[in-house]
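Residue numbers (this note's numbering), protein chains in the order written: chain A, 1 to 799; chain B, 1001 to 1164.
Just so you know, the hints here were simulated from the structure itself, not pulled from any lab data. Yeah, the Cβ is synthetic: ideal placement off N, Cα and C, and Gly gets one too. Heads up, some of the hints might be wrong.
[Said to hold, decoys possible] Below, computed lysine to aspartate or glutamate pairings styled on DMTMM-like, alpha-carbon distance capped at 20 Å:
1) A:22 with B:1115
2) A:509 with A:637
3) A:611 with A:596
4) A:289 with B:1028
5) A:319 with A:186
6) A:611 with A:637
7) B:1143 with B:1115
8) B:1143 with A:737
9) A:22 with B:1088
10) B:1143 with A:491
11) A:509 with A:541
12) A:99 with A:541
13) A:67 with A:87
14) A:463 with A:668
15) A:313 with A:491
[As the list claims (entries may be wrong)] Covered by chain B, per the in silico footprint, the following chain A stretches (three or more residues, Cβ under 8 Å):
16) 209 to 223
17) 289 to 300
18) 726 to 734
19) 760 to 772
[Stated by the list, open to error] Label pairs and their computed distance ranges (CB to CB):
20) A:620 with B:1115: 53 to 63 Å
21) B:1126 with A:179: 39 to 49 Å
22) B:1126 with A:684: 27 to 37 Å
23) A:405 with B:1115: 19 to 29 Å
24) A:461 with B:1129: 31 to 41 Å
25) A:134 with B:1018: 46 to 56 Å
26) A:716 with B:1068: 37 to 47 Å
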Amino acid sequence: MTAVAEPASSPAGEFGRSRARKEDAHLITGRSRWTGNLTLPGMLHMAVLRSPLAHARITGIDVSEAKSMPGVVAVYTGADLAEEQGDLPSAWPITPDMKKPPAPALAVDTVNFAGDAVAVVLARSDYEAHDALEGIDVDYEDLPVVLDLESAAAEGSELVHPDLGTNVSATWKLDSGEAGSGGDVEQAIAEAESSPDGIVVRRTLRQQRLVPAFMEPRAVVVDPNAQQATMWSSTQIPHILKLMLAMTLGIPEHKLRVIAPDVGGGFGGKLQVTPEEVLTLLTARRLGKPVKYAESRSESMQAAHHGRAQLQKLTLAAKRDGTVTGMKVELLADMGAYMRLLSPGIPVLGAFMFNGIYKIPAYHFSCSPVFTSKVPTDAYRGAGRPEATFGIERMMSELAAELGIDPLEIREKNWITHEEFPFNTVSGLTYDTGNYEAATARARELFGYDALRREQAERRERKDPVQLGIGVSTFTEMCGLAPSRVLGSLDYGAGGWEHAQVRMLPTGKVEVVTGISPHGQGHVTGFSQVVADRLGVPFDDVEIIHGDTQSAPKGLDTYGSRSLTVGGVAVAHAVATVIAKARPIAAHMMECAEDDLEFTEGRFQVRGTEKAVGITDVALAVFAAHDMPEGVEPSLDSDVTYDPENFSFPHGTHLCAVEVDTETGRVELRSYVAVDDVGRVVNPMLVEGQVHGGLAQGIAQALFEEAVYDESGTLLSGSFAEYLIPTAADLPSFTTDRTETPATSNTLGVKGVGEAGTIASTPAVVNAVLDAVRQFGVRDIDMPCTPMRVWKAIQEGAR
Amino acid sequence: MRITVDVDGTRYSDEVEPRMLLVHYLRDQLGKVGTVSGCDTSNCGACTVHLDGRSVKSCSVLAVQADGHEVTTVEGLAQDGTLHPVQEAFHECHALQCGYCTPGMIMQSIDLLEENPDPDEQQVREGLEGNLCRCTGYQNIVKAVQSAAGTMREGSAPQAGGAR
Chain A
1 MTAVAEPASS
11 PAGEFGRSRA
21 RKEDAHLITG
31 RSRWTGNLTL
41 PGMLHMAVLR
51 SPLAHARITG
61 IDVSEAKSMP
71 GVVAVYTGAD
81 LAEEQGDLPS
91 AWPITPDMKK
101 PPAPALAVDT
111 VNFAGDAVAV
121 VLARSDYEAH
131 DALEGIDVDY
141 EDLPVVLDLE
151 SAAAEGSELV
161 HPDLGTNVSA
171 TWKLDSGEAG
181 SGGDVEQAIA
191 EAESSPDGIV
201 VRRTLRQQRL
211 VPAFMEPRAV
221 VVDPNAQQAT
231 MWSSTQIPHI
241 LKLMLAMTLG
251 IPEHKLRVIA
261 PDVGGGFGGK
271 LQVTPEEVLT
281 LLTARRLGKP
291 VKYAESRSES
301 MQAAHHGRAQ
311 LQKLTLAAKR
321 DGTVTGMKVE
331 LLADMGAYMR
341 LLSPGIPVLG
351 AFMFNGIYKI
361 PAYHFSCSPV
371 FTSKVPTDAY
381 RGAGRPEATF
391 GIERMMSELA
401 AELGIDPLEI
411 REKNWITHEE
421 FPFNTVSGLT
431 YDTGNYEAAT
441 ARARELFGYD
451 ALRREQAERR
461 ERKDPVQLGI
471 GVSTFTEMCG
481 LAPSRVLGSL
491 DYGAGGWEHA
501 QVRMLPTGKV
511 EVVTGISPHG
521 QGHVTGFSQV
531 VADRLGVPFD
541 DVEIIHGDTQ
551 SAPKGLDTYG
561 SRSLTVGGVA
571 VAHAVATVIA
581 KARPIAAHMM
591 ECAEDDLEFT
601 EGRFQVRGTE
611 KAVGITDVAL
621 AVFAAHDMPE
631 GVEPSLDSDV
641 TYDPENFSFP
651 HGTHLCAVEV
661 DTETGRVELR
671 SYVAVDDVGR
681 VVNPMLVEGQ
691 VHGGLAQGIA
701 QALFEEAVYD
711 ESGTLLSGSF
721 AEYLIPTAAD
731 LPSFTTDRTE
741 TPATSNTLGV
751 KGVGEAGTIA
761 STPAVVNAVL
771 DAVRQFGVRD
781 IDMPCTPMRV
791 WKAIQEGAR
Chain B
1001 MRITVDVDGT
1011 RYSDEVEPRM
1021 LLVHYLRDQL
1031 GKVGTVSGCD
1041 TSNCGACTVH
1051 LDGRSVKSCS
1061 VLAVQADGHE
1071 VTTVEGLAQD
1081 GTLHPVQEAF
1091 HECHALQCGY
1101 CTPGMIMQSI
1111 DLLEENPDPD
1121 EQQVREGLEG
1131 NLCRCTGYQN
1141 IVKAVQSAAG
1151 TMREGSAPQA
1161 GGAR
């Protein structure tokens, strides 16, 4: 690790310490608490009948046979629940005139994607519930299927929702000329085109559909009979889920409790209010019995939301010396058949990232969400930012290639130098800190950039059938979602604050309540370190309470690399409040002035003396409350809601070397170097783990994964047999390192790391593949860069 | 059908439907929910257990096929409160994040080390090819397996659990 700026103090030395996780003990011994493990007395099992067709009218449903099958308690269709089920929530109306179809949990008269829920069976066992699906007879009348994004957006296309009159839901724009954050992009393009010193690079890039593919399929259990109806769900967002269920179903908010127990991954895929959650809740309430729904992997693939799925029309204007003068982005974003919780807002998040780390004088972004007859899209790791980063990082490399300039050199020519921070970007954000020079220098060194370039030249020279490609990605991202006022200005339906409570117990142990909701990240360990560091208590004396709206009543949950940057900072502020509350009491205990006390390593010490009391002594004295200072309440507890003033901006330089077999099109990852700057680091081991996993997912987009539909709208990649998430044998070991430029927008100096690897790696890999085959005239290859696609591109390019 | 199976050192005798999968028998009938199911095509390996000491995907074994055999799950690995070296290594090397693939990954790793007590990186990667993880990128899993291999070779740790 290279320290670039002086890190702020870590009083107890917890920051930078690779502690093994508190979370592991029950997970490695099989004592885990997945939602699917739950069994309640009298519990029924719900199975969902799904549409096999992508678009059809339901002309009749006969459930009589299913109802008579063994163990079946009830069968419901959309007509049965039409009154109660309301509309699944869509919390991000990106424009006032955005078009949005009704989104019932159970289809009432039409099905709009293959996998849309049509009926549910409630039975004594899961086997019996699934058996009874065979006893439901549905008559469908085919309707036109709309699959291709570009033709769906064109005039005269068949319509997914004829009542809306169009497949294009809205158009959202950001123009630097109009916003006053930069110049006029059309002028920049015209100038570059007309001037002998100018160049315009145009590409249409495709972001394929991806499946988040969390390892734990979704599961829900509802007990309607508790004092509050209680839902256990494999969700990232227990708090938002509770609020949305209350608002959309009309259930009083205080009569609902949502628990996210152990959750087996999410990656944005569990940032949703799902039809299955609504149906489990409604049927449990109707029958007065606990109900469980646990999806199969195949159901998850076809019915849980997908991610990415964009067509990016990009225009980059520059001078021939490599200086970028303008960037124009025209996006089509595939929504699938419905708007889910954040669907249309996901591509809009990208609006702020297409300028990347560069000083781009003029910028225009427009985005049109488009309906197709496919499963809805929504957040997937990075959510809008990987797509944008891919766009700009691919384009910078294309510009470099067209001009014959080294891709690192062209980036250096355009990036914000470390003296220029804080920097107001052309898309309207203020980057607080960054040091692209340091991260790039370190990556270059670890990668052996110059030696690999020499080897590449040699292989080209001798026409080696296996060609070497070097890919560059210098990324940044906006993390720590988010300042509430910014979300408000984007018409998002909620804020971006986070809540924390710190409770000192009489024995000196500490309970910390957080509104973030971990599902694998290691927050219990990381937050314990933050508390131990700031409060000076032992790491093991801290308990982190989360993921239950009864014990952690307030919060906005986990996504967008916000947990440490917003939730962790809230915890640090709550700790500071505890210390501030303890100070007058400690002064009273030692009969000194408050100003004479200094707090270090968990003790209030009278300056210049040996006299001291520990924070745990104060906790006990407060519990007894026998001798409190006048007017001071006997409590050290604190309750903080923190709203960040700005996003945080992690960045990094990723370098990738691939070997491409030009005879077969096979791409082999030879080496991958990731140097990330995520600000101050609490637990380096956890940070590295996040980077490794992120890289795997980003590389998977570049090389392996795609949700493929056939011409009738059936998902062909409907299981792990066809949807290729990488195995251990598909990936190399990564070389990771960090530079550390603390964020100045929060007291911990942290920036977030959950999405970095995913965002950075996809363009690094694709740039590397193109770098290997550009010599054959290839300028783009659709992802995933499969052997077939690479081989074909070489054949076509070489023609 | 009636079956008799030893699971993690306890003998069970039960009536099961012929179609019942071993993973469902373990979870739904015995309450051994430490073993999980992650797919329906035998690709993910989350449900891996040992049947007579060799790893199997319990979603691709019928409960009736386990009749008269010994099954070890992740719940049966720790002996007298001492973790198996592979469990310990997964913790120390941060080889798990969400932990959903972990039971299967640990069971498969033990099987791999039984076959090859000193695997190189590539051998570990290939040996775990049938077990998917979405969180870790596998790097720390590979590290954990190699670290556990070292510990086990030194013989300073107890033998693998129950079924061996």
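Hint consistency between residue 22 of chain A and residue 1088 of chain B [alpha-carbon to alpha-carbon, up to 20 Å]:
holds, 13 Å
So does residue 1126 of chain B sit 27 to 37 Å from residue 684 of chain A, Cβ to Cβ?
holds, 29 Å
Can the suggested window of 53 to 63 Å be confirmed for the beta-carbon pair residue 620 of chain A and residue 1115 of chain B?
holds, 56 Å
Are there three or more residues in the segment 209 to 223 of chain A whose C-beta lies within less than 8 Å of some C-beta in chain B?
holds (count 5)
Is residue 1143 of chain B close enough to residue 491 of chain A, meaning Cα to Cα at most 20 Å?
Violated, at roughly 46 Å.
Taking the CB of residue 405 of chain A and the CB of residue 1115 of chain B, does the distance hold inside 19 to 29 Å?
Given about 52 Å between the Cβ atoms, the range is violated.
For the pair we were handed, residue 313 of chain A and residue 491 of chain A, check the Cα-Cα distance against 20 Å.
Measuring from Cα to Cα gives roughly 25 Å; hence the hint is violated.
Holds or violated: residue 99 of chain A with residue 541 of chain A, Cα cutoff 20 Å?
violated, 52 Å
Would you check the hint for residue 509 of chain A and residue 637 of chain A, treating anything up to 20 Å between C-alpha atoms as holding?
holds, 12 Å
Run the distance test for residue 22 of chain A versus residue 1115 of chain B: straight-line Cα separation, threshold 20 Å.
violated, 31 Å
So does residue 1126 of chain B sit 39 to 49 Å from residue 179 of chain A, Cβ to Cβ?
Violated, at about 53 Å.
Hint consistency between residue 1143 of chain B and residue 737 of chain A [alpha-carbon to alpha-carbon, up to 20 Å]:
holds, 17 Å
Hints 1, 6, 10, 12, 13, 15, 19, 21, 23 and 25, counting from the list given before, are not met by this structure.
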